[in-house]
Amino acid sequence: MSDETLNTLPADEENAAAENSSALPSAVEEEETAALAQAEEEQPEEEAQPLDPNALLEVRHLKKHFPAKKDFFGRPVSFLKAVDDVSFKIEKGTTLGIVGESGCGKTTLGRTILRLQPATDGEVYFDGVDINKLNTKQMNALRPQMQIIFQDPYSSLSPRMPVGEIIGEAVAQHKLVPKTELKEYVLEVMKSCGLPYHYYERYPHEFSGGQRQRICIATALALKPRFVVCDEPVSALDVSIQAQIINLLKDMQEKMGLTYIFISHDLSVVEHISNKVGVMYLGSLVEYASTGDIFDNPMHPYTEALFSAVPIPDPDRHSKRIILSGDIPSPINAPAGCKFHTRCNHCMDICREVAPKFKDYGNGHMVACHLYPQD
Amino acid sequence: MVKYIIKRLLLCVLILFGVSVILYLLLRCVPGDYVTNKFTANPNVEMSEEKLEAMREIYGLNDDVFTGYFKWLFGNPATGTKGAILLDFGTSFVYDAPVSEVIADHMWISFALTLLSLVIYYPLAVYLGTRAAVKQYGAFDYATTVLTMVGISFPSFFFSAIIVKIFAFDLGWFDTSLGLNSTGLINPSGWELFTDTAWHLVLPVLVVVVLSIGSVMRYTRTNMLEVLSADYIRTARAKGLSERSVVYKHAFKNTMIPMVTVLAGILPGLFGGSMILEDFFAIDGIGRIAYNAMNQGDIPFVMGYNMFLALLTVIGMLLTDIMYVVVDPRVKITN
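These protein sequence lines are chains U and Y, in that order. Take the first sequence: its position 217, counting from 1, is numbered 217 in this note's numbering, and each next residue is one higher. Take the second sequence: its position 250, counting from 1, is numbered 1250 in this note's numbering, and each next residue is one higher.
If we strip away everything but chain U, and leave its shape as in the complex, we get (with noise of 0.2 Å):
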C-alpha cells in the first residue's frame, strides 16, 4: 500500500456539483449515448477541465436516476436518485473504499462506473476516455481492464458452466493468450488465486461461499484488468473466509499493480484495505478523505455516527455511540438542502434550504456540510 498517494480533488468541481443535483435528467435508461453527449454540450465547461493524469478512473458529476413512478403515456414523473451528482477519482494501484448504509447507492455506483447500467448523465473518465460515450462494441473490447466481483458468489457463476469454462471463456473471447496456451493460463489464474487444479472441471455448486469468490476473483483477474469493482465482495462469507478473500485482494493488488473500489458496509475491512475512503448518503458523497484522515477525524456528523458504531474489541472503554434518529429517507423525494438534515443532531436552519458544498479542507479531505465554513 502506497501512502504517498495522497492528492488533492480540483476545488473547482464543488461548484457544478451542487448546482446540478437539482436538475432533471434528460436521458432516460434506453437512450444512452445519444442522450449524453447531448448533455455534454450544454456544459461546454466541463470538456476545458483537465484530467489528472495519475488517475486512472475520473468520475465527474455521474448521476444515475431511475423511473419511479409513470404517467398515464409511460414517461416518468419521479425518479428515484440512486446516484446523485458523484464525483470522485482514484490514483493507479490505489483503493478507494466506499462505505455507507444499505440503499444509499453504493452498488449502483459500482455498476454505473462500469456501465453494467447506462449513466444518467455524467463522465467517467478511464485512462482519459469517457466509456459512456464509447459505442457497444468498443466498450466490449475495453471491458477485460475493468472488472467487477460481486457480492453474491452464489449466483454470480453460470450452474451449466465448469470452472474452467468460466474462468476461461471471455480470456478466449478477447484473446487474452493463445488458444493453445488458455487451459494453462487459467490453471495459473487458477492456482494464484488459491484453488486447485482439479477444480478445473467442476461445476459451481460443488463449492463453498468462499471457493466460489475466488472463482468470480479468478475469473475477473483471468482478464488482466487494471481497475476492479469490489462490490460487497465478502459480506456473504463467513468471517474466517472474510479475512482469507480480502488478504487475496490484497496479494492481486500487489502483484498485478491494480486499482480498486471497494464497496462495503464493513467499516473495519474497508479501513485494512482501502488508501482512501468516501461516505455516502442517499446517493450522494458527504465525505471523502484517506483513510488516515477520515478514520482519526470524520468530519460531517453522518460520517462521525457510523463510524461510533463500529465496536471497539475493548471491555473496558466505552465507545460514544451516536444514535441516528429516524430512518434513512425514500431517495424518490430525497429532502431539501442537505439530504441529512432529518436526522442530523447539528442540524441548523440553513441545512433545510441550501444544499451544502462539497469542499476541501485541506490535505484532500472533503466534506459536504454546513458545520465548516463554506467561502
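Keep in mind the hints are simulated off the structure, nothing from the lab. There could be a bad hint or two in this list.
What the hints assert, rightly or not - Calculated pairs, DSSO-like style, for lysine-lysine (alpha carbon to alpha carbon, straight line, at most 30 Å): (1) U:K133 with Y:K1135; (2) U:K175 with Y:K1253; (3) U:K137 with Y:K1253; (4) U:K175 with Y:K1249; (5) U:K137 with Y:K1135; (6) Y:K1249 with U:K133; (7) Y:K1253 with U:K183; (8) Y:K1071 with U:K183; (9) Y:K1135 with U:K69.
Quick caveat: nothing in here was measured; it's all calculated off a predicted structure.
Since chain U is already given, all that's left is putting chain Y on it; use the hints.
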C-alpha cells in the same frame, strides 16, 4: 441410477393399476351399453329382449363391475383373452380386432401429424420466446404476446372451422372433402400419394401449430426473463462477452432446464392423437378412432387406449427426471 429407474418403473406399475381401476369404474357408470346402442338404435331391426340379453352375455356386459374388472385384468378363459396384466387388452367391440392391433394401426398417423407440428412449432416457439424476452416490453414482445394469446384462446374446433372456411371453401386452395387423401385419386404413384397427403396435412398441422405455439412460447419467455436477470448474466456482460454469447450461451443454456419438462410432457400427446382435430379433419388417427369407440361404448378399446395414454404419461414423467440429470449438472440421482 439403474436402481432408481427400476424403483420408478415399479411405482409406474402401481400408478397404472390405480388408473385402470378408476377408468373401469367410470366406464361402467356410463349409461347405455354397446349392445343397446348398436341394436336398438335402428328402428327397422326388431330385437327381442332375450336376444339382447344373450348378446350382452357374450360381450360380458352382464358381469358386475368387480367380475368385469377381474376378467379385464386377468383374462377370461371363455373368450381366450389373457388379460391386461399380460398386455392383452381383448378385442374391440367396434373394430372387431385386437385392441393393441387397432392402436398400432392408427397410432402412426397421429404420430406423424403431431411430430410434424412439433418440429415446426417447438423451435419456433423457443425462438420467439427468446427474442421476446431479450427485448422485453418492446414491440416484438407485445406483438408475439398478443398473437400467441389469441392462438391459445381459440377452441380447436372453432379455429379449424375458420381455417377450413377461409382456405378450403373461400380460397379453394385445399380439398374441402378433408381426409388424408383426395377422393378422386386412382392408382396414384408414390410421389403423387406423398404430395397429396402432404397437401392435406397442411391445414391440420397449421391448426396444431397455432394452438400449441403460445404456451411453449410463453414458457420460454418467462424462463428466459428469469435467467436474464440472474447475477451470472451480469457477470457475463461484465466480462465483455458479446450479446450473442450472453444470450445464447449463458442464458439459453440455463433456460433449457425447465424446457425439458415441457418436452417430456408432450410424449403422450405425440402418440395419443387429438380427438377433436382428427375428427374434424376426418383423419383416421388414433384420436378419431378412440372418439368413435368412446361414443359407442367400446369398453375394451377405451380401456386399452387410456391405459396406453397413461403408460405414455408415466414414461414421460420418468424421462423428465432422467433428462434433468442430463441437462442440469446440479441434479444427481442418489438412493
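We went through each hint and held it up to the structure:
Restraint check: the Cα-Cα separation between K133 of chain U and K1135 of chain Y comes to about 23 Å, which is no more than 30 Å; the hinted pair holds. For the hint pairing K175 of chain U with K1253 of chain Y, the CA-to-CA distance comes to about 23 Å; that is within 30 Å, so the pair holds. With a C-alpha separation of about 24 Å, the suggested pairing of K137 of chain U with K1253 of chain Y holds against the 30 Å cut-off. Proximity of K175 of chain U to K1249 of chain Y is assessed by CA-CA distance (about 18 Å); at most 30 Å being required, the pair is judged to hold.
Taken as a hint, the K137 of chain U and K1135 of chain Y pair is honoured in the structure, with Cα atoms around 19 Å apart against an allowance of 30 Å. Simply put, K1249 of chain Y and K133 of chain U have alpha-carbon atoms about 28 Å apart, close enough for the 30 Å limit, and the pair holds. As the CA atoms of K1253 of chain Y and K183 of chain U are separated by approximately 22 Å, the hinted pair is consistent with the 30 Å bound. The hinted pair formed by K1071 of chain Y and K183 of chain U fails the criterion: a straight-line CA distance of about 67 Å is larger than 30 Å.
The suggested pairing of K1135 of chain Y with K69 of chain U holds, with an alpha-carbon distance near 21 Å, which does not exceed 30 Å.
Hint compliance for this structure: hint 8 is the single one not met.
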